[in-house]
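As you go down the protein sequences, you meet chains A and B in turn.
Take 1 as the starting number for the first sequence in the numbering used here and just add one per residue.
Take 1001 as the starting number for the second sequence in the numbering used here and just add one per residue.
The hints are simulated quantities; they were obtained by calculation from the structure and are not laboratory data.
Check the hints yourself; a few may be wrong.
Claimed, not checked - Here are the computed lysine-lysine pairs in the DSBU-like style, where the Cα-Cα straight-line distance is at most 30 Å:
| hint | chain 1 | residue 1 | chain 2 | residue 2 |
| --- | --- | --- | --- | --- |
| 1 | B | 1325 | A | 343 |
| 2 | A | 271 | B | 1323 |
| 3 | B | 1032 | A | 46 |
| 4 | B | 1141 | A | 118 |
| 5 | B | 1141 | A | 110 |
| 6 | B | 1119 | B | 1046 |
| 7 | B | 1230 | A | 46 |
| 8 | A | 323 | B | 1198 |
| 9 | B | 1147 | B | 1110 |
| 10 | B | 1342 | A | 343 |
| 11 | A | 323 | A | 181 |
Claimed, not checked - From the derived model, a few chain A residues whose C-beta atoms are all more than 12 Å from chain B:
| hint | residue |
| --- | --- |
| 12 | 87 |
| 13 | 106 |
| 14 | 136 |
| 15 | 199 |
| 16 | 200 |
| 17 | 239 |
| 18 | 379 |
| 19 | 382 |
Stated by the list, open to error - Among the chain A residues that face chain B by a calculated CB cut under 8 Å, a handful are:
| hint | residue |
| --- | --- |
| 20 | 41 |
| 21 | 301 |
| 22 | 305 |
Quick reminder that beta carbons are idealized off the backbone N, C-alpha and C, glycines included.
Protein chains: 2
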Amino acid sequence: MKAGILCVGTELVTGLIRDTNAYFFSQKLVEKGIFPKFVLFVPDDKQDIKTGFNLLLNDSEVQLMIVSGGLGPTDDDFTKEAIAELLGRELVFDQATWERIRQFYWNLRKTEPPENNKKQALVPRGTTVLTNDLGTAPGLKIDFFGKTIFVVPGVPREAEFFWSVMEREMNISVSSFYRTKILKFCGIGESQLATLMKPFLSRLPSEVRFAFLPNYGETWFYFYTYEADKERREELDRLIEEVSALYGDFLFSSYGDTLEEAIGNILRERKLRLAIAESCTGGLLGDRITNVPGSSEYFERGYVVYSNRAKMEELEVPREVLKDKGAVSAEVAALLAQGARKKSAADIGLGITGIAGPTGATEEKPVGLVYIALADEKRVEVKRYQFGGDRLMNKRFAVQFALSTLFVFLRGKG
Amino acid sequence: MKAGILCVGTELVTGLIRDTNAYFFSQKLVEKGIFPKFVLFVPDDKQDIKTGFNLLLNDSEVQLMIVSGGLGPTDDDFTKEAIAELLGRELVFDQATWERIRQFYWNLRKTEPPENNKKQALVPRGTTVLTNDLGTAPGLKIDFFGKTIFVVPGVPREAEFFWSVMEREMNISVSSFYRTKILKFCGIGESQLATLMKPFLSRLPSEVRFAFLPNYGETWFYFYTYEADKERREELDRLIEEVSALYGDFLFSSYGDTLEEAIGNILRERKLRLAIAESCTGGLLGDRITNVPGSSEYFERGYVVYSNRAKMEELEVPREVLKDKGAVSAEVAALLAQGARKKSAADIGLGITGIAGPTGATEEKPVGLVYIALADEKRVEVKRYQFGGDRLMNKRFAVQFALSTLFVFLRGKG
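Chain A with its partners taken away, still in its complex shape (with noise of 0.2 Å):
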């Protein structure tokens, strides 16, 4: 089964926001084995939303369509317009629709709603219409000539709701789209691992799809295909297998699926605590490992030192040191693992320091310098990284590999 989204909204074409909604169905949609053949975003004009949905309609595949946005109550939104006007349905005032609106309105502000929501309760007639827990528009599904056609609002709480809505009215029971499992790695850039697997992948029949994916200081790997019988399934899901134990030495996501999860997965089942302290990151490190559900059993806690009297007087950073290495050296960055192990008394300690940049670089040390430490019971590990994005890329990049390095120090551990 394929489908097509469409998102209205001249905020996204004209990229004054970054989209949300299409990214969450199309991932919704391939986990149930629905391929998402075409996304669209056009702007507020119904000459324009009619062209994008005209697409979708007029593609014989498309089974599915979804369309979000454009169901406010303003004179900018013309969504249900645009549709009603193509497929030659007239809008029709539903009063069950108005009365939740009101009743949805005086919950919140105890006040009726303004006159212009009135809008809102206007349906294509031969509309069923999709109760919105979470807000006045409503959601509407449309059978059209084979087709189901279900329209959502934009706002992405009350999109991602409408999801569980659509999953229960779809009943769906083909798909012809798979994905297998996705391998992830870390430590390891996608060139070396493509090298390193092409052995193995050359000698695969032609009609096994593959993909490679470099994915911001992580690589993944997998195998996919539009005709998924059984027998195909089967076999990439072997495939897979044999590739993970093939090539494993890098591979986070037996683990747990995101790479904070994956180490929050081996220091929960191991029973140790970790504690972190971060400079030029700014608290981004301990966000990424708070990200997982119950990091409270493993994670202490963390410094963000972020002026030098923090890390002298938080961590005991000699003040000689910052002034002979530098708060961005190893010295620091060693310091700044042993002083959060060691204040807190958790097991393993993680430091970064770095330069985020645009500013604080000197002759030696540029942009994007970092170092990331990672000190035990035993000893302390240092790496120096050069890093060459801008601040929030160097930030981002500078809590992935310090990622990269404590998992791949659980895994030698283990």
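Once you've looked at the hints, dock chain B against the given chain A.
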């Protein structure tokens, strides 16, 4: 002038990776006064590429087309074939491009390129080849019945590189799309703001377009037009200044582009230093604050006091308070803000404690409950929030509202 963007890649339509190229091009086009009318993602499939390409080609308003992706050396790359077939121009081998690819390869790896790279030297007849400084795939410029078509690689840094090439090649003189500067508000919801502004907006001529955009706890507002002559621009600029003056109580964009920049500018100007203590957000607040270049001027340090022991040891939160009131309480939030401020000798302390979820809730304290506290030399204020998102969303909202609290406080103080 209007444009269309077509991104080719199965990894995009399936949500395996999140688009960055279309988002980047959209923003750049708008900066040049070009309106990106359609943005499309299609998979690595020749027919689907043709369908998407045709939509842009057949739209009479689209004068500029940017196609990115599908230019690699492997069998999965169809973009040039699809375009050549559609435009009726055969693919020819470009010797100069091949020599450049060989040279590029040699510089990088001291070997000859593999045979399959020859595919990258094929270009549709009548094409201007654009040199790629960062990779093997060349860019293409095709003039076709009044439309200008650019075809560039999908690797994000190469796509960005080609933007500067396109800029040179375009020679754009007119611009029809215009967006005023964006007013960004915090601490006030979209509907509240819209109600507040209604008397003003209802008096405007109907051809003045405007948009409200709720954006994760911020509300954005701007005017825009598709017919930007000088007069119209000036009129919209005047209007946005008027809105800014009339409804500026919660306006932070007059201080900086992002909320953390606005806060940073005020802190810097008033020579105030900030320290933070965060629990459920795990470092995300520090991360946001340190996304601003030069934040070390006012950001002293952060405490990620994830465990109860960390709260007691680092910030002297009494064991009895944790026991009687719980770690997620107004009392603990206040102690975190005051403790961070006192221990670091900063001027302002900001504290967050809450339940990000999905676990950790009790009968009285549901997931999404967050306390935010702000302390200065005179007093401490605590606010209670109940968010309704998942773990990541709750972290994000908690940080957003902590920053809003800080901004409104600083502004009131000024």
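TODO: Of all the hints given earlier, name the ones this structure violates by number, lowest first.
DONE: 4, 5, 8, 9, 11 and 14
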